[in-house]
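Please put together the full structure from these sequences, using the hints given.
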Amino acid sequence: RAGEAGKGFAVVASEVKNLANQTAKATEEISSQIGGIQEATKDAVHAIASIGSTISRMSEIAAAIAAAVEQQGAATQEIARNVEQAASGTSEVTVNISSVNQAARDTGQAAHQVLDSVHTLSDESNKLSHHVQDFLAGLKAI
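Here the sequence shown stands for residues 39 to 180, where the numbers follow our numbering.
For the record, the hints were derived by calculation from the structure and aren't laboratory data.
C-beta atoms are modelled at their ideal positions from N, C-alpha and C, and glycine is treated no differently.
Any given hint could turn out to be false.
Only pairs whose alpha carbons sit at most 30 angstroms apart, straight line, appear in this in silico BS3-like list of lysine-lysine [said to hold, decoys possible]:
no.	residue 1	residue 2
1	K55	K45
2	K63	K45
3	K165	K178
4	K63	K80
For each label pair, taking beta carbons as the anchor points, the in silico distance ranges come out as [claimed, not checked]:
no.	residue 1	residue 2	range
5	S52	A78	36 to 42 angstroms
6	T128	V152	34 to 40 angstroms
7	Q140	A179	54 to 60 angstroms
8	K80	K45	47 to 53 angstroms
Pasting the structure below:
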């Protein structure tokens, strides 16, 4: 009977050994998978940190762009004000030139009238001079 019990024990021992080997292999596989998961987790952490850094840089760039757009808007408004002032100044100059042109025309007309008056006065003076000479000649004849 001991031989049969020994056979049964040997079978049980063999099964226990097989189970132990399977457990060892499963433990190795689990350990390997855990290592892989840990590596993947490290990679994910690095990727997330890199994404966070990229988002931070993008935020800084967006802020710089917004500031540049704001400055550009202010510069555009300043240019618009300067153009408006230049247009206003040009309008004033145009009005002043028109006034000067009118004054020059008025002065030309006045000068023409004065010249006409001078001619008339000269003619009248000549007539008066002839009348005085005729009068004096008439007095001498008496």
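- prompt: Within 36 to 42 angstroms or not, the Cβ separation of S52 and A78?
  reply: holds, 38 angstroms
- prompt: Using the C-beta atoms of K80 and K45, is the stated range 47 to 53 angstroms upheld?
  reply: holds, 52 angstroms
message: Given the hinted pair K63 and K80, is their Cα-Cα distance within 30 angstroms?
response: holds, 25 angstroms
- prompt: Taking 30 angstroms as the top limit, are the C-alpha atoms of K165 and K178 close enough?
  reply: Distance of about 20 angstroms is within 30 angstroms: holds.
task: Below or equal to 30 angstroms on CA atoms is what counts here, so check K63 against K45.
output: holds, 27 angstroms
T128 versus V152 beta-carbon gap, inside 34 to 40 angstroms or not: With a Cβ separation near 36 angstroms, T128 and V152 satisfy 34 to 40 angstroms, so the hint holds.
field: Restraint check for K55 with K45, where alpha carbons must lie at most 30 angstroms apart
entry: Holds. K55 to K45 sits at ~15 angstroms (cutoff 30 angstroms).
- request: Just tell me: holds or violated, for the beta carbon distance of Q140 and A179 against 54 to 60 angstroms?
  value: With Cβ atoms ~58 angstroms apart, the hint holds.
Of the numbered hints given earlier, the model fails none.
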